[in-house]
Every structure is written in C-alpha cells, then in structure tokens.
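Protein sequences appear in the order of chains A and B. According to the numbering used here, the first sequence is numbered sequentially starting from 7. According to the numbering used here, the second sequence is numbered sequentially starting from 7.
Because the hints were derived from the structure by calculation, they are not lab data. A hint or two may mislead.
In this list, chains with the same sequence are indistinguishable; a pair is considered to hold if it fits within one copy or across any two.
Simulated crosslink set (DSS-like; lysine-lysine; CA at most 27 Å straight-line) [claimed, not checked]:
hint, residue 1, residue 2
1, K244, K86
2, K133, K242
3, K172, K315
4, K305, K242
5, K65, K13
6, K233, K250
7, K233, K315
8, K208, K86
9, K63, K315
10, K305, K133
All values reported here derive from a predicted model rather than from experimental measurement.
There are 2 protein chains.
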Amino acid sequence: MENKICKLLHIPHPIIQAGMVWVSGGKLAAASANAGILGVIGAGSMKPDLLELHVQKAKSLTSHPERLAVNVPLLYEKTKEQLETALKLGIKTFITSAGSPKTYTQWLKDQGCVVIHVTSSPELALKCEAAGCDAVIAEGFEAGGHNGRDEITTLVLIPQVVDAVKIPVIAAGGIADGRAMAAAFCLGAGGVQMGTRFVATKESSAHDHFKAAVIAATSSSTMLMMKNVVPVRLLKNKFFDEIKMMEDRCATPAELIQHLGHGRAKEGMLDGNMERGELEIGQIAALIRDIPTVEVLVKRILAEYESAKLRL
Amino acid sequence: MENKICKLLHIPHPIIQAGMVWVSGGKLAAASANAGILGVIGAGSMKPDLLELHVQKAKSLTSHPERLAVNVPLLYEKTKEQLETALKLGIKTFITSAGSPKTYTQWLKDQGCVVIHVTSSPELALKCEAAGCDAVIAEGFEAGGHNGRDEITTLVLIPQVVDAVKIPVIAAGGIADGRAMAAAFCLGAGGVQMGTRFVATKESSAHDHFKAAVIAATSSSTMLMMKNVVPVRLLKNKFFDEIKMMEDRCATPAELIQHLGHGRAKEGMLDGNMERGELEIGQIAALIRDIPTVEVLVKRILAEYESAKLRL
Chain A
7 MENKICKLLH
17 IPHPIIQAGM
27 VWVSGGKLAA
37 ASANAGILGV
47 IGAGSMKPDL
57 LELHVQKAKS
67 LTSHPERLAV
77 NVPLLYEKTK
87 EQLETALKLG
97 IKTFITSAGS
107 PKTYTQWLKD
117 QGCVVIHVTS
127 SPELALKCEA
137 AGCDAVIAEG
147 FEAGGHNGRD
157 EITTLVLIPQ
167 VVDAVKIPVI
177 AAGGIADGRA
187 MAAAFCLGAG
197 GVQMGTRFVA
207 TKESSAHDHF
217 KAAVIAATSS
227 STMLMMKNVV
237 PVRLLKNKFF
247 DEIKMMEDRC
257 ATPAELIQHL
267 GHGRAKEGML
277 DGNMERGELE
287 IGQIAALIRD
297 IPTVEVLVKR
307 ILAEYESAKL
317 RL
Chain B
7 MENKICKLLH
17 IPHPIIQAGM
27 VWVSGGKLAA
37 ASANAGILGV
47 IGAGSMKPDL
57 LELHVQKAKS
67 LTSHPERLAV
77 NVPLLYEKTK
87 EQLETALKLG
97 IKTFITSAGS
107 PKTYTQWLKD
117 QGCVVIHVTS
127 SPELALKCEA
137 AGCDAVIAEG
147 FEAGGHNGRD
157 EITTLVLIPQ
167 VVDAVKIPVI
177 AAGGIADGRA
187 MAAAFCLGAG
197 GVQMGTRFVA
207 TKESSAHDHF
217 KAAVIAATSS
227 STMLMMKNVV
237 PVRLLKNKFF
247 DEIKMMEDRC
257 ATPAELIQHL
267 GHGRAKEGML
277 DGNMERGELE
287 IGQIAALIRD
297 IPTVEVLVKR
307 ILAEYESAKL
317 RL
C-alpha cells in the first residue's frame, strides 16, 4: 500500500492520526509514529512553550521523528510563534487549518517543509493547490469539532476534491476503521485522517470520562451546533442541551459566545467534566466500542482494509 | 457482480433507481429495468388511478416486468389502495418508507412479495428486520428529499446498519457514480440506490428546467431544511430562501407548513417553476454534469465501479 501519501509523509501506512485540541499530545503522536502512521500534535490548544514540551516528548518516545507533524489552526494570535517553535525542533510536516492556505504555505515550503491544509469544500481545495500545498485533507460534515458551513459529507466531498485538484487528497470525517479507509480509496483518496477513533486509545490525553462517553455513543449522540458562530460537532451532554435550547429560541451569536465562555473544551475533554464541558467528537463515535493501544488499533485497521478489499 | 441483492430483485446489476415524487414514472422505471437494474415507480405523488397508468406504461415498455418495483411512502391516506393497485398489476417488489415497517410487510410477504424498507438509522433497521423485510435501504443525510432527524451520513450509517442486521443492506444518499458504489460495497452494502443521478436522465419526468438546475448545482447548492416539520434536502432557490429566512427568525412549524402550502413539489420538479417550486435533490447533484439515457448511465457506472476496484 506504499503510495504517494506514504512517500510524502515518510510513513509505511497512509493514515494520519489527526491533531485535536486537548487530546493529541506528544504521547499519542509518538505512539502513532511508532505504529507506522503520521503522528500529529494538535497545537490548537497549546501555547508555544507547551507545544515545545509536547514536540520534545514525542521525539523522545519514537525513533521515527520524521513521522511527526504539528497541526496549527491559523486563527490564533500566536500562530507564527507556534510554527517557529515546531520548526526549531525539527518538525518538517505541517497541517494547517481554519485560515487561508496562502498565509504560511510558501514560507514553510521555503524551509523544506511539507504543508497540508484542511478543506471542507472543493473551492478551498483549489486555493490550497494554488497556494502550493503538497496535499489537502478534505473533511466532511460527519467529522468532530469545527466543520464547514456547507455541510458537505465525506462521501460527496472526496470525489469532488479529487476531480478538482491534482495534488493528493486525504479523506477525513466518518472514518474509524479499515472499511471506511477502503471506501475513501475507492473515492480517489490517497490517505485517510482519523480523529475520533484516536480519542479512544490508551495513549490519547482525553480524560477517561470522555473516552468512556465516546465508546458509549450511539448513532444519534452527536449533532452539528453553533452554526451561526462557528459550526462544531458536539457530543450530546448538559452543555449541548443548553446550546440547543438557546438555538431553538434563536439566541444571537453574542449570547451563544457568552454562554460558551472560556475553557469549556478543556473542561470537558481534558478535565473530564461531562456536564459543563464542550465535547468535540465525530459521528463515527457510534462505531467505536473499545480503547486499544495505537499499535493494536493500526494493525486492526490494516486488517479490516484488506478484508474490505476482498468484498469487491 | 451477481450477489444476494441481484438474486432477490431479479436484476443483473445491484443498483436501484430510486422512486421519487414527480420524477420516476413508468418511463424511467422501464428504462431502468431494460438497463438491468431495479426500476422503481415513485407512488408518493400518485393517486391509485395514476399509479395504475404508470405501472401499465412501465410494463408495456419492458420485457423485464420482474425488474419493476413500486415505492410507497406509508404516510398517505391511500397507501393500502396504492399497494392493492400495484399488486393487482403483478408488481412483486415493494419499497416502503416514512412509516412503520410493521404495517404492511407481513401482509405483502404473505402475497409472495419482496419488501424493502428505507431507514435512516440502525435502530429502525433492526425493526425492519424484525418485521420481516427482505432487505433495508439505509439512506444518509446527504440524500435528497425527506431525511432522518439524526443527520447520520451514508459513510457513518452503512457500517452501523451492516453490523446491526443480518439481512442485506442497500446504501443510499450521496451515490451517483461507480466510485461511490464501490465505496458502499467496501462498507458492507450489497447494493446501491441512486435518486438524484436518475433525475438528470433523458427518461426521468423531471421538468427540463429542473434537470438543468441539477446539472448546474455546485457543492453548496443544497441544504437540509424544515427540520422542525419534516427534514427535507432542497436545492437553493427563491422558495428555499424564503424558508431559510423564516427558520432564521424561528418561525413556528405551523407558519412553515402554511408557507409550504400545497403542490410546491409538483410546481417545481414537474412543472419547472424554478422560483416557487420545492426542489428536492441530493448533495451529490454537485457531481452531475450531463443528462444521459439510463442505458448509457448504467454502463458508465459499472465501468467506473471496475476502475474504482482497481484503485485498491
């Protein structure tokens, strides 16, 4: 299965463990690198000094630092400092999101880096290609956390992006096993990114309460909310119910932002407050039933992929 | 590719042309049967006498009446009469939706029919199996027209349904080419149902204006609306904008139903009023760029399926 994505990212298996706020630190990224996939540190929840600690930790836990990457949402003040911190420590693969691919792509390419931008539409995928990105991650409506406004599902999005651009396409959203990986490849993707699946692993930094909630999720446990502020897919809990009630009465964006307050995502996902916390998770949580090590998980996904191939 | 679905439905290719209001009459169903797939007359928009005409027309246009079926939403007053009309004319395959699979499944089975119920959740799929259905059509959030409340996408729904039931699963929603068909098979489906793709065929009864709008659609041209009444995916037009404005100000279900009025779907899809009409279409319209005959389309889908298989 050695393909373009494998070559681009120096990984034996074309799978990316997604960078996620509060969940994907150095420990998870190193475990992923050790399992032969791209291990991504989610810098979205880290100040530069904390990011430095996580990159150092990841490097100390793997003999494959070339399989480590950092995901940087481009909407924070300290984006440039985050990128510089990671560069200084030898990170050569960057996944950028939530901003224009024009801002940092060329600057990172000039320093010999691989740059992949996350897109939720074929239109933005074209902009990523024009900005010089090496690949795009096309992420559908079913994905956890922040999400596109047009609600395009992965099944509908991937072929459109594949048809639109010449650079490789990595599928994300709704993918947690080898069946979905094979499906994504049929659609023309060259790799897959999984987030939700890696929340429920031994090495993720998600709180045990959050991991338990993920494996207890059913088909109706998540919903895309806050569409008038920034769309985000949430696990249903007390906080979700409050947001739902506010939206049902047409609360203003300002009211919603005030209710959201600060630190809700950390409170839920890292600290394990299942009532007050904002729990970002994908629809595919419904299929997740255990908390394996990353090594066991990756082997299982590859075996499922082979079985799915045989079904055709 | 002869599989369980092919045997169950007496078709060489495991593809179902979906029954759709105002679009799938006898002409389209016969063309589908002639092309080796299941041709479905959508009874949702027909009184029993009109259904009788369409079944007779379909039978007169094909030498494969065993490949004809009728789709009956179970929410109308005349459901029983519709079923009796189709039975009287020799229809042996029924697709039911929008109601309980308990209501008519056993009654139809007792008369030697094949019964398939449409589901948008694994929970309802289990009820279909318990009610004696021969198979289920699992339809995701990206599908056109009426839709489930939990917004489960096809990619996430199919594996859950496949894991939940022992009867064969047919995937629907977001499928318009052989790539998506191969993807659905990787997920464990034994067949696919396509609706939107068949709207834009020479033999569909959609108005030419509607067909033109479908092939002009982009990735952001549809949205799931009317969630507080009955969720329905619509093509964006003036009517859509009106509904959107009403929803943005939290209009009541009663206000929305009043604005919807009567005959809006016919006005748009059959009569071609692109401003006032309710245009039901799937997200995958973004990928559709031509209006082929059904025969040409089915051959193309099968060729695309073979190419997709080779990609794995």
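Now for the hints, and whether the structure bears them out:
For a Cα distance limit of 27 Å, the shortest separation of K244 from K86 qualifies neither inside one copy, at 36 Å, nor across copies, at 44 Å. In the homo-oligomer, the alpha carbons of K133 and K242 lie at most 27 Å apart only across protomers (24 Å), although the nearest pairing inside one protomer, at 34 Å, exceeds that limit. For the homomeric pair K172 and K315, the shortest alpha-carbon distances inside one copy (25 Å) and between copies (21 Å) are both at most 27 Å. Proximity of K305 to K242 under the C-alpha cut-off of 27 Å is found in neither arrangement, the shortest distances being 31 Å within a copy and 44 Å between copies.
With identical chains, the CA atoms of K65 and K13 are at most 27 Å apart within one copy only, with a shortest distance of 20 Å there and 56 Å across copies. Taking the shortest Cα distances, K233 and K250 sit within 27 Å of each other both inside one copy (11 Å) and across copies (13 Å). For the homomeric pair K233 and K315, neither the shortest alpha-carbon distance inside one copy (37 Å) nor that between copies (37 Å) is at most 27 Å. With identical chains, the CA atoms of K208 and K86 are never at most 27 Å apart, being 31 Å at best within one copy and 55 Å at best between copies.
Taking the shortest Cα distances, K63 and K315 never come within 27 Å of each other, neither inside one copy (37 Å) nor across copies (41 Å). In this assembly of identical chains, K305 and K133 lie within 27 Å of each other by CA distance neither inside one copy nor across copies; the values are 35 Å within and 34 Å between.
Violated hints, listed in ascending order, are 1, 4, 7, 8, 9, 10; each of the other numbered hints is respected by the structure.
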